[in-house]
Amino acid sequence: MPTVAELEQACKPTWCPGCGDFQMWKALKQAIENVGYTYERFAVVWGIGNAGNGADFLRCQGFHALHGRALPTATGIALTNPELKVIVEMGDGDGYGIGGNHFLHSCRRNVEMVGIFHNNQIYGLTTGQASPTSDQFMKTPSTPGGVIEEPVNPVGVAVAQGATFVARTFSGDVAYTQSIYEQALRHHGFAVVDVFQPCPTWNKNNTFKWYAERVYKLEDEPGYDPDSRVWAFEKSLSTFHDLTCAPDSCRLPVGVFYREEGVPTYQDRLPQLAQPMWRQARKPRDISRAMRALG
Amino acid sequence: MAQLGERGTPDISIRIGGPAGAGIKAAGQSLARTFMREGLWTMDLTEYPSLIRGGHNVITVRVGPKPFFSHAVDVDILIALDRLTVEKDGPSLVEGGAVVYDPASVEAATLPSHARGVPVQLDEIAKRNGGVIMRNTVAMAAALALLRFPLEPFESALHAQFDSKSAEVAEGNVRAAREGHAEAWKHADDFPLRLSPVPGAPERVLVDGNDAVCLGALAAGIGFYAAYPMTPASTLLHYMARHEGDGVVVKHVEDEIAAMNMVVGAAFTGARAMCATSGGGFSLMAEAFGLAGVTESAVVVGVFSRPGPATGMPTWTEQGDLQFVIHAAQGEFPRVVLAPGDRDDAFHLTWQAFNLADRLQTPVVLLGDSYLSDNRQSVLPFETARVTIDRGETITEGEVSDYLRYRDTPDGISPRAIPGVKGAEQLVNSYEHDEYGWGQEGERAEVRVQQDEKRMRKMELARTLAPAPVAFGPLEADVSIVSFGSTKGPIRDAMDELAAEGVSANFLQVVTCWPFPAREVSGFLAVAKRSLVVENNYTGQLEQLIRQECLMEPDDRLHRYDGRAFTYAQIAEKAREMVRRPARELTGVTR
Ligand SMILES: Cc1ncc(C[n+]2csc(CCOP(=O)(O)OP(=O)(O)O)c2C)c(N)n1
Ligand code: SF4
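These protein sequences, in sequence, are chains Y and L. Reading the first sequence from the start, the letters are residues 3 to 297 in the numbering used here. Reading the second sequence from the start, the letters are residues 339 to 929 in the numbering used here.
Any given hint could turn out to be false.
Straight-line Cα separation of at most 27 Å, DSSO-like style, residue types lysine-lysine; simulated pairs [claimed, not checked]:
#1 912/L to 87/Y
#2 141/Y to 206/Y
#3 363/L to 404/L
#4 363/L to 503/L
#5 404/L to 867/L
#6 219/Y to 28/Y
#7 524/L to 503/L
#8 285/Y to 760/L
#9 760/L to 14/Y
#10 28/Y to 760/L
#11 14/Y to 28/Y
#12 426/L to 503/L
Keep in mind the hints are simulated off the structure, nothing from the lab.
Pulled out of the complex, with its shape left as it was, chain Y reads as follows (with noise of 0.2 Å):
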């Protein structure tokens, strides 16, 4: 079972300094290592952005798949090996822009695996363009007249649309985000993790005392009720804000918002999927019985 260490590699980040990224990394390696992995039971896919390029830096059975493509190439991987624990990293434009129509089927179709979603608000490696989640009337080259449209809630449509275990967490509180991937690793089912992951180099607005000062653990909160999916919707309507809204105006809830355990998984209702599919071409298939059906 790799520790934090052996899950590096050589290859070292290449993220700016100062970047949430850093936090996020930090945290999964200490989450693997807690949940106790050996290297032959998990495998990481990633998409294209900044948050994909840590690809390069944990040491697994990784695949570093396509812009918007993570989700799909690791259901693939989910619904066709039931040993394995499939995370997968992408950014917000990777996972709720591009990949938008694959997190929706990802959420309804319940397959065990885990999606960490790095919501820097801001396309990081493409130099700063508005993203799905970007706030509303926020200036950037891509919009330089302010965002017009309503931001993506990636909670509230997790919620809606059926992901069984659905969490937020700021990639700043590092122990509370490693607790929160520690959940959602042991979670059956698709876990969905929104990570505030301030990007310093290009979204100005959303920095770390921007969200430091807005946070708040929605476990503290009296009524706090994660078995209600109509609770955790609520929830999750309560971050639309604007630029402007003073901290105390606008309190971004974290935590797990909604969790349902006990949902059989996409692979448990694949009876033939109890071993690893290759395992089916070890020797060709007999197939008189599907021939003769056609005589």
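We have chain Y; now place chain L with the ligands onto it with these hints.
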């Protein structure tokens, strides 16, 4: 206009036409199955618009005691379930052909003058025995009577089809069939064509191209199939889904992008994985098709064309995607494109495609079209004893040390250890990468060159592994045809027709379209008296490949792009026309 019985071959063609939703295709297929079980050879051609109701549907069943390779050209017996069929399909009848019609809905005066009418109370008989739904049963029995074909095989087919649902329905259908048979029998003396069972004929199966591909994939040990429905590939998804119990995970996904990316993920775990679609879906798959190339993933992709661009003509056929599949996705990477010409090819090339994908660790395309996908033919059961599984350098169990996923090797093949193997930490990467898989390192010029050359080297191995072209006919011939894919059937029938007239033709079927078999095609063209390239498209995409890869040009070309497949008659006519012209001088100079 052809005369009844004038055709050189002893086969007969029966067309059923009527409104969409009237069960025309099912009726034609049960007629074909009846004939097949009685030892005859059959081939269907289904033609229908992209509508569920309201259009005009026809199925034409060609049947005969000797094997043939393509669909019927004209019609001997037309079963007209409505007036529109008489109007639209009447002209296809040969001189003296028969129209089975219901006098209650079609006036005798509207029948074509060159045909003979066979009035049968289709609706009345059907209603008497259980409902209008049995109309097709009555009509088919009537067609059998005209040919003096015994009714018993059809009766047992009806029992086989309906007994499990309800004995009453089965009995009703049998009674309806008997009445229809008796009514048409009265006219059989005037109708000269006869068809009899062939006792002791070998067992056969009735398959379309998609069935054949599915059987090939199942035999190859497929473990994962993902698709988004698109005609004519949708029935592959239906077939595979019915066979999940054989050990396949089958997923109808949100779009073709997901399908292709999932298949690449499935290949990562060592599963044999495939997706299939038509040209539109493959357009969406293009980026992930390239992903399979750079990540060196062993995947099989079925592309079954219909006329494009965009939505095009969903239910019709064309070979317009050859150059597209050869070039799809940005950048350069090795790929193999196989084009089955018939159902037997479709079966064998599919399992071979999985072996090629595993040996080469790169995507392999099966390129077909609606003509092959949709239409059923009676064939001998596929020779499953030929199926082998070759997973190449795939390590599925145990342990590896100093593992490098993209190790630079002389033939370009890096041993592939799948997740679960001890020591198989790796990074499969869509970015250019080094031997380990690191993207950062992949930007170094020398690493890029090493990995690019390593991948492209696999093309050399592909040339030695991929199936060679297949030659048909005499070594020397008046006309030499080069083609690929589903034109094979009409070409082979045309060759038989020409041979009967004393015109010799030979044919080189390009099976592997990429890497292009330039040596074999050049050799074939170099000695041809008159060469002809036949393709079901406008621009001559195969000919472009010949010019590019062989630096030669054929003497003539035959293209068709109206959404229909070539008929053998059309190809034979083109050959005759060429023979009337002087043969080119054999100068030995490549032209
Ligand atoms: C099909 C495709 N379109 C566009 C790109 C270019 N691209 C790479 S990363 C990216 C967006 C990055 O933003 P995000 O996903 O939020 O990740 P971040 O870099 O902020 O971590 C884009 C548009 C691409 N690689 N592929
Ligand atoms: S651009 Fe932003 S997200 Fe990307 S590495 Fe730099 S700080 Fe991090």
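Exercise for the section: Mind checking the alpha carbons of residue 524/L and residue 503/L for me, to see if they're no more than 27 Å apart? Expected result: Given pair residue 524/L, residue 503/L is violated - Cα atoms ~33 Å apart, limit 27 Å.
Problem - Pair hint outcome, residue 14/Y versus residue 28/Y [Cα-Cα no greater than 27 Å] - result: holds (13 Å)
Exercise for the section: Would you check the hint for residue 363/L and residue 503/L, treating anything up to 27 Å between C-alpha atoms as holding? Expected result: Answer holds: residue 363/L to residue 503/L is near 20 Å, not above 27 Å.
Exercise for the section: Mind checking the alpha carbons of residue 141/Y and residue 206/Y for me, to see if they're no more than 27 Å apart? Expected result: OK: residue 141/Y and residue 206/Y at ~10 Å, within 27 Å.
Exercise for the section: Take a quick look at whether residue 28/Y and residue 760/L sit within 27 Å of each other, Cα to Cα. Expected result: holds (25 Å)
Exercise for the section: Measure nothing beyond the straight line between the CA atoms of residue 363/L and residue 404/L; if it is 27 Å or shorter, mark the hint as holding. Expected result: With Cα atoms ~24 Å apart, residue 363/L and residue 404/L stay inside 27 Å; holds.
Practice task
Could you grab the alpha-carbon distance between residue 760/L and residue 14/Y and see if it respects the 27 Å cut-off?
Solution key: holds (24 Å)
Exercise for the section: Take the C-alpha atoms of residue 219/Y and residue 28/Y, compute the straight-line distance between them, and say whether it is at most 27 Å. Expected result: holds (21 Å)
Problem - Pairwise hint evaluation, residue 867/L against residue 404/L, where the allowed Cα distance is 27 Å at most - result: Cα-Cα ~30 Å, so violated.
Problem - Pair hint outcome, residue 426/L versus residue 503/L [Cα-Cα no greater than 27 Å] - result: Between residue 426/L and residue 503/L the Cα gap is close to 35 Å, so the pair fails against 27 Å, i.e. violated.
Exercise for the section: Given the hint that residue 285/Y pairs with residue 760/L, test it: the Cα-Cα distance must not exceed 27 Å. Expected result: OK: residue 285/Y and residue 760/L at ~23 Å, within 27 Å.
Handout entry: Holds or violated: residue 912/L to residue 87/Y, with C-alpha atoms at most 27 Å apart
Key = Given that 27 Å is the threshold and the Cα spacing comes to 61 Å, the pair is violated.
Consistency with the previously given hints fails for numbers 1, 5, 7 and 12, ordered from lowest to highest.
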